[in-house]
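*Asks:* Chains as they are written, first to last, in the numbering used here: chain A, 3 to 365; chain B, 3 to 365; chain C, 3 to 365.
Be a bit skeptical, because a hint or two may be false.
Calculated pairs, DSS-like style, for lysine-lysine (alpha carbon to alpha carbon, straight line, at most 27 Å) [said to hold, decoys possible]:
#	chain 1	residue 1	chain 2	residue 2
1	A	K355	B	K193
2	A	K330	A	K285
3	A	K339	A	K360
4	B	K193	C	K282
5	B	K339	C	K355
6	C	K193	A	K47
7	C	K285	B	K193
Chain C is nowhere near these chain B residues, computed Cβ spacing over 12 Å in every case [to be verified]:
#	residue
8	Q8
9	D12
10	A18
11	F48
12	V78
13	S80
14	G82
15	G96
16	R132
17	D154
18	I174
19	N249
20	K285
21	D303
22	K312
Everything labelled a hint here was simulated from the structure, so no lab data went into it.
Idealized CB from N, CA, C, for every residue including glycine.
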Amino acid sequence: MAYTLQQIADAIGATALGDTSLIVARVAEPASAGPDDLALLTNPKFAAGLAAGKARAAMLWEGADWEGMGLAGAIVSSRGRFALSGLSRIMDPGQHFGSGIHAMAVVDPTAEIGENVSIGPFAMVGARARIGANSIVGPNCSVGADATLGADCFLREQVSIGARATIGDRFIAQPGVRIASDGFSFVTPEKSGVEAARETLGDQGDIKSQTWARIHSLGSVTIGDDVEIGANSCIDCGTIRDTVIGNGVKMDNLVHIAHNVEIGDNTLLAGQVGIAGSTKIGKNVVFGGQCGVSDNITVGDNVIAGGGTKMMSKVPAGRVVLGYPAVKMETHLEMYKGLRRLPRLFEDVSALKAAISKTDSND
Amino acid sequence: MAYTLQQIADAIGATALGDTSLIVARVAEPASAGPDDLALLTNPKFAAGLAAGKARAAMLWEGADWEGMGLAGAIVSSRGRFALSGLSRIMDPGQHFGSGIHAMAVVDPTAEIGENVSIGPFAMVGARARIGANSIVGPNCSVGADATLGADCFLREQVSIGARATIGDRFIAQPGVRIASDGFSFVTPEKSGVEAARETLGDQGDIKSQTWARIHSLGSVTIGDDVEIGANSCIDCGTIRDTVIGNGVKMDNLVHIAHNVEIGDNTLLAGQVGIAGSTKIGKNVVFGGQCGVSDNITVGDNVIAGGGTKMMSKVPAGRVVLGYPAVKMETHLEMYKGLRRLPRLFEDVSALKAAISKTDSND
Amino acid sequence: MAYTLQQIADAIGATALGDTSLIVARVAEPASAGPDDLALLTNPKFAAGLAAGKARAAMLWEGADWEGMGLAGAIVSSRGRFALSGLSRIMDPGQHFGSGIHAMAVVDPTAEIGENVSIGPFAMVGARARIGANSIVGPNCSVGADATLGADCFLREQVSIGARATIGDRFIAQPGVRIASDGFSFVTPEKSGVEAARETLGDQGDIKSQTWARIHSLGSVTIGDDVEIGANSCIDCGTIRDTVIGNGVKMDNLVHIAHNVEIGDNTLLAGQVGIAGSTKIGKNVVFGGQCGVSDNITVGDNVIAGGGTKMMSKVPAGRVVLGYPAVKMETHLEMYKGLRRLPRLFEDVSALKAAISKTDSND
Chain A
3 MAYTLQQIAD
13 AIGATALGDT
23 SLIVARVAEP
33 ASAGPDDLAL
43 LTNPKFAAGL
53 AAGKARAAML
63 WEGADWEGMG
73 LAGAIVSSRG
83 RFALSGLSRI
93 MDPGQHFGSG
103 IHAMAVVDPT
113 AEIGENVSIG
123 PFAMVGARAR
133 IGANSIVGPN
143 CSVGADATLG
153 ADCFLREQVS
163 IGARATIGDR
173 FIAQPGVRIA
183 SDGFSFVTPE
193 KSGVEAARET
203 LGDQGDIKSQ
213 TWARIHSLGS
223 VTIGDDVEIG
233 ANSCIDCGTI
243 RDTVIGNGVK
253 MDNLVHIAHN
263 VEIGDNTLLA
273 GQVGIAGSTK
283 IGKNVVFGGQ
293 CGVSDNITVG
303 DNVIAGGGTK
313 MMSKVPAGRV
323 VLGYPAVKME
333 THLEMYKGLR
343 RLPRLFEDVS
353 ALKAAISKTD
363 SND
Chain B
3 MAYTLQQIAD
13 AIGATALGDT
23 SLIVARVAEP
33 ASAGPDDLAL
43 LTNPKFAAGL
53 AAGKARAAML
63 WEGADWEGMG
73 LAGAIVSSRG
83 RFALSGLSRI
93 MDPGQHFGSG
103 IHAMAVVDPT
113 AEIGENVSIG
123 PFAMVGARAR
133 IGANSIVGPN
143 CSVGADATLG
153 ADCFLREQVS
163 IGARATIGDR
173 FIAQPGVRIA
183 SDGFSFVTPE
193 KSGVEAARET
203 LGDQGDIKSQ
213 TWARIHSLGS
223 VTIGDDVEIG
233 ANSCIDCGTI
243 RDTVIGNGVK
253 MDNLVHIAHN
263 VEIGDNTLLA
273 GQVGIAGSTK
283 IGKNVVFGGQ
293 CGVSDNITVG
303 DNVIAGGGTK
313 MMSKVPAGRV
323 VLGYPAVKME
333 THLEMYKGLR
343 RLPRLFEDVS
353 ALKAAISKTD
363 SND
Chain C
3 MAYTLQQIAD
13 AIGATALGDT
23 SLIVARVAEP
33 ASAGPDDLAL
43 LTNPKFAAGL
53 AAGKARAAML
63 WEGADWEGMG
73 LAGAIVSSRG
83 RFALSGLSRI
93 MDPGQHFGSG
103 IHAMAVVDPT
113 AEIGENVSIG
123 PFAMVGARAR
133 IGANSIVGPN
143 CSVGADATLG
153 ADCFLREQVS
163 IGARATIGDR
173 FIAQPGVRIA
183 SDGFSFVTPE
193 KSGVEAARET
203 LGDQGDIKSQ
213 TWARIHSLGS
223 VTIGDDVEIG
233 ANSCIDCGTI
243 RDTVIGNGVK
253 MDNLVHIAHN
263 VEIGDNTLLA
273 GQVGIAGSTK
283 IGKNVVFGGQ
293 CGVSDNITVG
303 DNVIAGGGTK
313 MMSKVPAGRV
323 VLGYPAVKME
333 THLEMYKGLR
343 RLPRLFEDVS
353 ALKAAISKTD
363 SND
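If we strip away everything but chain A, and leave its shape as in the complex, we get (with noise of 0.2 Å):
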């Protein structure tokens, strides 16, 4: 993977300048850069690193004097880290997992596997599955019963897809992800201390140990195309349609999926985020990290959580909130802010008290 300055700036849509023949093998901290690096240096303040290290190439800010800062050349764009998306695709090494079926993997009979597919040792492809040209299977994944999995798709190492799940083309799995694990559902033969509660708001009424029969998952998993699931997170399977995971929608680590939720559109989700059961998220939501969601609700397109807020009612679409339970960002921050006064507001209404006695007395 070395290339020339020019041909990364013609790959990734950035300018090259000085020696753009200049060959470049890795991609590297300022300071830490060898001969053959390049230094990537996107935000000025971290300029000085580079005289720490050895590089004669950087990525740098558009303007940025690069002669001034002794490089042989530069390659320049005006958002450095959209172009670090481009330049890490192109240095990426990679897992280097085998090419072809390979001998130690099991694959049914029966399953559709597509051209240039790589399945790896102690993969298994269950019957009817079918897996789409170029997708990588890593080793130790499954890949169950008539699952569909699209083209140009990467499964890392110990992946697993339950039967009938069907995910568009472009997927990437971290290791350990799980897709269509049965749901979480279960129904007490009469009505439970739960439902009274959440009818009452608090008073669960007369208690009866009761033991939970469980609700099947019928249905399966949908996911669109270009969706990225961090590792070990899980997506369960609806319980009558499936689960629905929009398109160009992307998970971090340790994310909770529960059944029959649906996901729109590029919405991003950070680590640790929990979705319950039948909530419906809209397109181009962020949720910051161990962010969770009732069940059962709606969170419209656009909205914004930080991290940590549990959203416990219906959130307005283009909100941002944080917060347990969620509120807007501003209220938090006021609410906080009076939270940090509270010791002080009631010495003012002890004092007042005493003043008014006073006053009183004095009458």
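Given chain A's structure and the hints, the job is docking chains B and C onto it.
*Replies:* This is chains B and C only, laid out in the frame that chain A set:
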């Protein structure tokens, strides 16, 4: 899995009406139901959807006007969600794991495998492990040495069960479940900052750098009958004795159960719940998603905790709690209401101060 | 694993008393101990349990009246939990994984496997990977290309280590650990709503639908010596350089460590903790369960955070914090006390308003 309406009604204890010999092969939502589907319609407010679909039969609430809906037949029950449990059980198409012991499984010759057990490809069963009749061990599962799994159990793919775990009948483990991982228990040679901070509620005293010595898990995990554990959930071994999960306990995905925890019968834990070490949870408890419980405390029988509740001290039996830290749900609602009205309170107190100061100067 | 009391005392640096030649084969709680068990009794308040069991020997606190308890012998130590560390280490019955490279393992011919390494069934080791002497790679594990694992490491079943990860000696990974999953890093072509909302603390500006471009991980993960990672925990690769975990770090189950994070030596993270991207955690830090830390911030050395704490801005060294957002533990207790007293404060202010209005009308 095609049945007549009568067969279904008989199987699930409901009543078939109209053309009870009508055959249905699938359950569907009303609007998307085809002519061979059984539309599921347990809530009158979705009745309009039926007209949009092509169902000739539906599962309905008692007293529903199925003929007025243009149906040829119906199944009615007094508690629809409970009837759905039975219906979904008989209609579940399953995972299509094969029967018998796969040629690519590794089963220790000293393991005791019951009748009609299925062990999938790339699964391994350790020395002296016992697996009860009719149990299914999915692809890429590990069953450790001296572990016991009861009858009629179902391990989905990539489940691991550590050495010496004891599990009852009808156990269901979703993909990636970890039973009998080692407990997380470390101790410093001298009193640590955490021990000091707990004693003083905040002061960790002189800070010394210390390394952590590992306390190995000599216990394992004991799980009762009829337990289900969600995808990628983890149950750690006990230190001296086993961690204990009662009968009928149900856990959702990504739940964390630490060493020495005891969980009473029929308790239900939603996604991403975490229970810290040596804590005891009662029977018939229900925790919403992302709840947490501190170590070494007790949560009584029949406690209900809303999503995100963090229980940091003992919770008495029967209480309905919410919040961080957990308080009674009604107290939480009051506290929250107060918080929202705080800015107004600050204004009121300012006005009072101004009024008093005027009164005083009027004296 | 049967030892005399004297052998145990010598091995763990404690003192044997009475019949020091007495042989014990197992550690047990006092009430359930049999005649060949060593009862573990480090807290005098559980001494009554001893009479209920059949132990002839116990591990006790210094100065305990072992003869008065009717024991034939005892092991005493000044810090019982620390002594338990040594005791549990020598009594640990282990997982009984086999020795050598299993016939059903796939090891790339270019991998360098140290002396006395064990590789379990269905495990795979990639090209140029190096595994140090005496290390154990459990069943169904993946060790990626160019990864390095030190000596005396123990990977439980179904652990995955991605390409180019570098791990020190004595590493322990519980089942399902994910090392070197790809970082979760996406960028929009133009400024996103999240970037705007962060700058304005709540206003995301004009909402545009944008798709996410992936930033690939060019770095991997570097882990020091003596690290242990809990079941199903995930550590992502860095973007340009490696994510770094220091020596002696211990993590519990289901922990999420994002790209570029650095964690200092001897830091301990309890279950379900999440650390967002590019955040730096100091040395000797202790986080309770379900803590979260925002991206791009710093948590100083020796910080202690109670369970559920969400750190959203820099935390200075040595601080003991709690809450969402995190504040000093004592501040949190004050704020909480104030919250509980709020309803009374509202009443007081109402009474004051009434009194003032009466005073005014009396004028």
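*Asks:* Run every hint past the structure and note whether it holds.
*Replies:* Tested hints:
1. Using a Cα cut-off of 27 Å, the hinted pair K355 of chain A and K193 of chain B is violated, with the two alpha carbons roughly 47 Å apart.
2. Note on K330 of chain A and K285 of chain A: the hinted pairing holds, with a Cα-Cα distance of about 19 Å set against a maximum of 27 Å.
3. At roughly 32 Å between alpha-carbon atoms, K339 of chain A and K360 of chain A are farther apart than 27 Å, so this suggested pair is violated.
4. With a C-alpha separation of about 26 Å, the suggested pairing of K193 of chain B with K282 of chain C holds against the 27 Å cut-off.
5. Distance check on the hinted pair: K339 of chain B and K355 of chain C sit about 20 Å apart at the alpha-carbon level, within 27 Å; holds.
6. The suggested pairing of K193 of chain C with K47 of chain A holds, with an alpha-carbon distance near 20 Å, which does not exceed 27 Å.
7. Under the criterion of a C-alpha separation no larger than 27 Å, the hint pairing K285 of chain C with K193 of chain B is consistent with the structure, at around 17 Å.
8. At roughly 46 Å from the closest C-beta of chain C, the C-beta of Q8 of chain B stays outside 12 Å, upholding its exclusion from the interface.
9. A cut-off of 12 Å between C-beta atoms confirms that D12 of chain B is not in contact with chain C; the least separation is 43 Å.
10. Non-interface call for A18 of chain B relative to chain C: holds, since the shortest CB-CB distance, roughly 45 Å, exceeds 12 Å.
11. For F48 of chain B, the shortest C-beta to C-beta distance to chain C comes to about 31 Å, beyond the 12 Å cut-off, and the non-interface label holds.
12. Chain C leaves V78 of chain B outside its interface by the beta-carbon criterion, the shortest separation being 44 Å against a cut-off of 12 Å.
13. Here S80 of chain B stays apart from chain C, with its beta-carbon at least about 40 Å from theirs, past the 12 Å limit.
14. G82 of chain B, annotated as away from the interface, keeps every beta carbon of chain C farther than 12 Å; the closest lies near 35 Å.
15. The beta carbon of G96 of chain B is kept farther than 12 Å from every beta carbon of chain C, the shortest such distance being approximately 23 Å.
16. Residue placement check: R132 of chain B keeps its beta carbon more than 12 Å from all beta carbons of chain C (closest about 15 Å).
17. Every Cβ of chain C is farther than 12 Å from the Cβ of D154 of chain B; the closest lies at roughly 24 Å, confirming the non-interface assignment.
18. I174 of chain B, annotated as away from the interface, keeps every beta carbon of chain C farther than 12 Å; the closest lies near 18 Å.
19. N249 of chain B, annotated as away from the interface, keeps every beta carbon of chain C farther than 12 Å; the closest lies near 21 Å.
20. Residue-level check passed: K285 of chain B sits 22 Å from the nearest beta carbon of chain C, beyond 12 Å.
21. Listed as a non-interface residue, D303 of chain B keeps its Cβ farther than 12 Å from every Cβ of chain C; the least gap is roughly 23 Å.
22. Look at K312 of chain B: its CB is around 4 Å from the nearest CB on chain C, not clear of 12 Å, so calling it non-interface is violated.
In this structure, the earlier hints numbered 1, 3, 22 are contradicted, and the remaining ones agree with it.
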